[in-house]
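These protein sequence lines are chains A, R, Z and X, in that order. Residue numbers for the first sequence, in this note's numbering: 33 to 294. Residue numbers for the second sequence, in this note's numbering: 33 to 294. Residue numbers for the third sequence, in this note's numbering: 6 to 328. Residue numbers for the fourth sequence, in this note's numbering: 6 to 328.
FYI, nobody ran anything at the bench for these hints, they're computed from the structure. Each hint should be verified, as a subset may be incorrect.
What the hints assert, rightly or not - Restraint ranges, calculated between C-beta atoms of paired labels, are given here:
no., chain 1, residue 1, chain 2, residue 2, range
1, Z, K305, X, R95, 51 to 59 angstroms
2, R, N39, Z, A299, 14 to 22 angstroms
3, Z, A299, R, E182, 47 to 55 angstroms
4, X, S311, R, R176, 49 to 57 angstroms
5, Z, K305, R, R44, 55 to 63 angstroms
6, A, G96, Z, R248, 44 to 52 angstroms
7, A, Q133, Z, D307, 52 to 60 angstroms
Claimed, not checked - Here are some of the chain X residues that sit facing chain A, going by a computed Cβ distance under 7 angstroms:
no., residue
8, G47
9, P73
10, R74
11, I226
12, G315
These numbers come from a predicted model, not from an experiment. We treat Cβ as the ideally placed atom computed from N, Cα and C, and that holds for glycine.
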Amino acid sequence: MTQYQENATVARIEQFTNNNFRLTLLCPQIAASATPGQFVMIRVGNGKDPLLRRPFSIHQTSSGGRIQIYFKVVGRGTEILAQVKKDQEISVLGPLGRGFQLNLSAPVIIVGGGLGIAPMLFLAKENYRLKRSCAADFVLLGAREKNELEHLLADFKCLGIRLLTATDDGSLGHHGLVTEIMQSVSLPVGSTVYACGPEPMMAGVNKICRSLGIPCQVSVESVMACGMGACLGCSRPARDGGYTHVCVNGPVYDAEELLWSL
Amino acid sequence: MTQYQENATVARIEQFTNNNFRLTLLCPQIAASATPGQFVMIRVGNGKDPLLRRPFSIHQTSSGGRIQIYFKVVGRGTEILAQVKKDQEISVLGPLGRGFQLNLSAPVIIVGGGLGIAPMLFLAKENYRLKRSCAADFVLLGAREKNELEHLLADFKCLGIRLLTATDDGSLGHHGLVTEIMQSVSLPVGSTVYACGPEPMMAGVNKICRSLGIPCQVSVESVMACGMGACLGCSRPARDGGYTHVCVNGPVYDAEELLWSL
Amino acid sequence: MEFVIPRDENLPDLRVNIGSLELANPVMTASGTFGYAREFEGLMNLHRLGAVIVKGISLYPRAGNPPPRIVETACGMLNAIGLQNVGVDRFITEKMPYLQGLNIPVIVNILGDSLAEYEEIAARLAGVPGVAGIEVNISCPNVKKGGVAFGTDPAMAAAVTASVKKKAEVPVMVKLSPNVSDITVIARAVEEAGADAISLINTLIGMAIHLPTRRPALANIIGGLSGPAIKPVALRMVYQVARVVSIPVVGIGGIESAEDALEFMLAGATAVQIGTANFVNPRASEDVLEGIGAYARAEKLDSIRSIIGGLRLDKHVPDMRNL
Amino acid sequence: MEFVIPRDENLPDLRVNIGSLELANPVMTASGTFGYAREFEGLMNLHRLGAVIVKGISLYPRAGNPPPRIVETACGMLNAIGLQNVGVDRFITEKMPYLQGLNIPVIVNILGDSLAEYEEIAARLAGVPGVAGIEVNISCPNVKKGGVAFGTDPAMAAAVTASVKKKAEVPVMVKLSPNVSDITVIARAVEEAGADAISLINTLIGMAIHLPTRRPALANIIGGLSGPAIKPVALRMVYQVARVVSIPVVGIGGIESAEDALEFMLAGATAVQIGTANFVNPRASEDVLEGIGAYARAEKLDSIRSIIGGLRLDKHVPDMRNL
Ligand SMILES: Cc1cc2nc3c(=O)[nH]c(=O)nc-3n(C[C@H](O)[C@H](O)[C@H](O)COP(=O)(O)OP(=O)(O)OC[C@H]3O[C@@H](n4cnc5c(N)ncnc54)[C@H](O)[C@@H]3O)c2cc1C
Ligand SMILES: Cc1cc2nc3c(=O)[nH]c(=O)nc-3n(C[C@H](O)[C@H](O)[C@H](O)COP(=O)(O)OP(=O)(O)OC[C@H]3O[C@@H](n4cnc5c(N)ncnc54)[C@H](O)[C@@H]3O)c2cc1C
Ligand SMILES: Cc1cc2nc3c(=O)[nH]c(=O)nc-3n(C[C@H](O)[C@H](O)[C@H](O)COP(=O)(O)O)c2cc1C
Ligand SMILES: Cc1cc2nc3c(=O)[nH]c(=O)nc-3n(C[C@H](O)[C@H](O)[C@H](O)COP(=O)(O)O)c2cc1C
Ligand code: FES
Ligand code: FES
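Next comes chain A alone, as it looks inside the complex (with noise of 0.2 angstroms):
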């Protein structure tokens, strides 16, 4: 697995809501080696402070040596890097973590929570592009409200996948919880799961997988400062009493390699 470490160019900012922001960026190594899943490490300022990289997933690539992060402005890092202008270079190191294993003989049921699309566009536009047929598959989304949403769905709509909502507020599609949703849709025995979002998020989907015996897998999260195997910084309790680190073994896992407290 190579990496690289790329001054990026930004070439598009979008902002969705007050704190929702999409950055395009030309780093055409990392962009051409990225598979769905995986994350960079983005050094937000010049300075000293603040220090560490901060990781991102890969929200989508583009044949032109572009790739997409989708984030949300939640502390100091992704507040400097909301304020990042066009053309400007920002550090990129990547494509780091396993991704998913792609499924292309069954049915994939994708569902993403808020932050958590991020990734699931990328994997989403994979499972589109190497598979047969995508008609018996699901794409679910669940955010806080509307506009949360709205602004990526037609990513997702163009790939003619079945993509259903959910919002907390009612505001957009299911007034409630994706998982609520996913118990609507039918999961065949042999499909796959994969899911990304809040921990309370994933935990009920795994639970429902595990009620159906299907394999679900997840992207977790966790606080990083290399990114790449070097801290052990970022571990997490592994099913085994040991534990993995979620930048190396991960950011994807099988779910019932991880701890789920619901």
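Since the structure of chain A is provided, determine the placement of chains R, Z and X with the ligands on it from the hints.
Chains R, Z and X with the ligands alone, transformed into the frame defined by chain A:
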């Protein structure tokens, strides 16, 4: 002496050379109370690094509540400052320090070298505004080369005070040091000399003044943390054997109060 | 000493006690970073300060170190002022009248070269109107004689404390040096010697080099590191000390915001001091005070005292981030 | 051990010696910040490193601390990894073959719970092909047993050094803890006990609190502070130690650039280690190396050795700034 901490709006950015900039800042309280020779402390960023404010002489003030600073990029702080955008807000603290003592009843010679020209425009303007006649006065400006000087000249010229220039490379005015042109102008007894520039220049100006028995006021620098007498960091050896604090006792001194090595 | 503590009934109760001294709020200014208060007069409301701590005072005036005395470092600064000050007698006649007029507790930071000097300074401050407390600096890294030695040896630290206590008529707070192997040993020693409170930390000893000239950035070669860079060390030491002493602990080190101050209080500090931040934002202490008030209101605290030492250690919530 | 030191005749001479070990250049990677080197394979040219120092190895595998293990601070970070590692035996079989193939000196950082454990690890490393040196970590703040105690007591530090020296067949470098009152005392103790070199500093002990949850930011509560924030402390300690020992000193702490590295060398360091900077810029060590080369060329140095300890203390040029 009242001081203010204002969130100043950047009203105008002028770039004269690769490294020389002039900023116009809207900070009405500071503008209204500043006198020539005083300075401001500017916070170049919002973060924790670089931590300390940077001192800059007040280049001129305007009745519209503006001040100007004229500065050169020499390190991290000035590098960041050179990248401010129009309409951005930056925190300015001032006016600080003791400025020049005007002499309205006798000829004055204003000598500025390099970035030391910065405070001299404000001084020349006040001298012109308050004095009956400037017919016997001189402004002497020195710099390394033409393009460090030429953009500043218009503002001086419109005062009608006699203006002589010197450049190290001869690209504008006298080919040599500003102290050399100083020896070519008559310095009548009773006149006052004001100088700001590199230490050797000020030492040279002072030597000439001393030999003629003419008082010389100089504006000097020092590393500063607070700019307001609180940290005692900006000490400079004084002639009396003790230390003087440039931010409160200066930056303008009677040259005889300080120690000079030439 | 008695102070009229302004207590707006709509405001949360921010009062805290440092020994017998009640402060209107837990925000003080750190010695050496706030001059003699007057410097900040026009830039903030001095009357709102919980207390003001003045620049370190010695028995005789000191000229301080040659320049350069300060240099910026990553998220911090080094200083080697060398305790320049006017001496205790001129402090009393020249500086105290203004300070007394502020009607807030004035805590005098003192430093001596010997036990006798510490005792003598305390004696001269006894009965001076307006002096509400003494902070004993046993930790300044910039003075060759005395200074460090007192702060790193528990027996000496205790002896200094006892000397000052002998003469002091106001609460005595001892300010510890962080440049020690085990801060709790020193803390316990000064508590046993009668300290009414402990403040920490003073600066970490550091150094910077100016590569182009290949010279030390400070004429004194070494200096004291302060600012946000040292906050993690300060917070750790406050936490460790607060667990082993029963006198109040005052937190110092890189505090810039109300969040910083509240973290120190959770770690066990009864009050805090704002140092280097005063240089960056001359009204930092007032901003911190307002932020603490806003927090107390938002969290519906009856008294800010309720968060002192309130760090939750029960069960760690793994950082599941913010997806 | 012998290494083929690539020596381009057009390049300045950057070789330095750590005891009997000659390094092609003074740039190493610090333990715990560079994994087992392979992680950086595609991101920089590993063959150019002066030496690689691997993550701390203990006698038996360790699982490390529960998360969160890291948190960012002002210009720095805290870590409480808890010395997670595969143990010395698996290190030798699983990690050494790759490392040996790099054809650069591999220095193994070791940590034990007792003198016997330190000795045993050294014994197991004896004769392992590719191991060019041992770095003895007596300073990790994150392991309850051993760790800190060894690093803060001169007698214990000396005893650990002697134990390792008994079995080691390669130069032994002892890595000091900065969390002590007087670093020179520990440095002299390990020198007398036979250390071939001293590296410093390990992390400062610090703490961070997550205000919204009122909990420590690290599950371990305290952790080790690293990064640019600690550079002034590290530089000061290197300066102090280099003046009192005659063995080589290796500087560590917040080094991000060639300028930083050169400052440590002026202060007395023979070589440097790049730590936290590897996380920010995975090719930091190569960038530092190139910068040192450029400096040596620009300053026309015959050998980089000529700047070691070259700090100029003669006469201070007052900071007249840049007008
Ligand atoms: C593999 C991976 C992929 C990711 N992909 C995305 C993505 O595609 N889009 C996206 O928006 N984000 C993504 N994230 C999360 C993203 O990295 C963070 O939001 C970002 O690093 C925050 O940086 P910051 O400086 O803005 O916030 P910080 O200031 O670092 O803090 C962020 C938040 O975390 C909280 N926090 C900090 N420490 C603790 C603690 N100890 N316990 C509990 N809470 C704490 C803070 O309160 C704050 O709310 C991903 C993370 C990982 C690991
Ligand atoms: C009262 C006053 C008024 C001023 N007015 C002006 C003005 O009008 N215009 C203007 O351009 N500048 C002015 N200055 C200077 C200005 O403040 C500095 O140029 C600025 O602070 C530099 O900040 P920086 O972060 O860019 O550089 P820094 O990174 O802080 O370093 C600046 C330079 O100083 C050198 N330096 C740092 N430490 C030392 C040391 N110990 N010994 C020797 N050299 C050292 C560095 O090598 C570098 O070249 C004034 C200074 C004072 C005190
Ligand atoms: C310029 C300066 C001067 C100081 N002078 C003193 C002093 O005289 N006495 C003292 O006890 N502490 C002194 N200190 C230490 C501060 O009071 C404080 O303990 C330290 O700076 C850490 O806090 P901070 O990070 O908030 O600045 C000084 C600090 C600075 C920066
Ligand atoms: C995540 C992390 C893990 C570390 N692990 C070790 C270790 O196993 N052994 C050791 O001696 N030092 C360890 N250190 C300390 C570093 O080697 C180094 O001494 C310290 O970080 C200071 O250097 P820096 O500021 O350049 O990072 C670790 C540091 C970090 C940040
Ligand atoms: S983030 Fe460093 S090992 Fe995972
Ligand atoms: S800069 Fe602080 S006293 Fe002058």
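To see whether the hints hold, each was checked on the structure:
{"no.": "1", "hint": "K305/Z / R95/X: 51 to 59 angstroms", "verdict": "holds (54 angstroms)"}
{"no.": "2", "hint": "N39/R / A299/Z: 14 to 22 angstroms", "verdict": "holds (20 angstroms)"}
{"no.": "3", "hint": "A299/Z / E182/R: 47 to 55 angstroms", "verdict": "holds (53 angstroms)"}
{"no.": "4", "hint": "S311/X / R176/R: 49 to 57 angstroms", "verdict": "violated (33 angstroms)"}
{"no.": "5", "hint": "K305/Z / R44/R: 55 to 63 angstroms", "verdict": "violated (48 angstroms)"}
{"no.": "6", "hint": "G96/A / R248/Z: 44 to 52 angstroms", "verdict": "violated (58 angstroms)"}
{"no.": "7", "hint": "Q133/A / D307/Z: 52 to 60 angstroms", "verdict": "holds (55 angstroms)"}
{"no.": "8", "hint": "G47", "verdict": "holds (5 angstroms)"}
{"no.": "9", "hint": "P73", "verdict": "holds (5 angstroms)"}
{"no.": "10", "hint": "R74", "verdict": "holds (5 angstroms)"}
{"no.": "11", "hint": "I226", "verdict": "violated (16 angstroms)"}
{"no.": "12", "hint": "G315", "verdict": "violated (26 angstroms)"}
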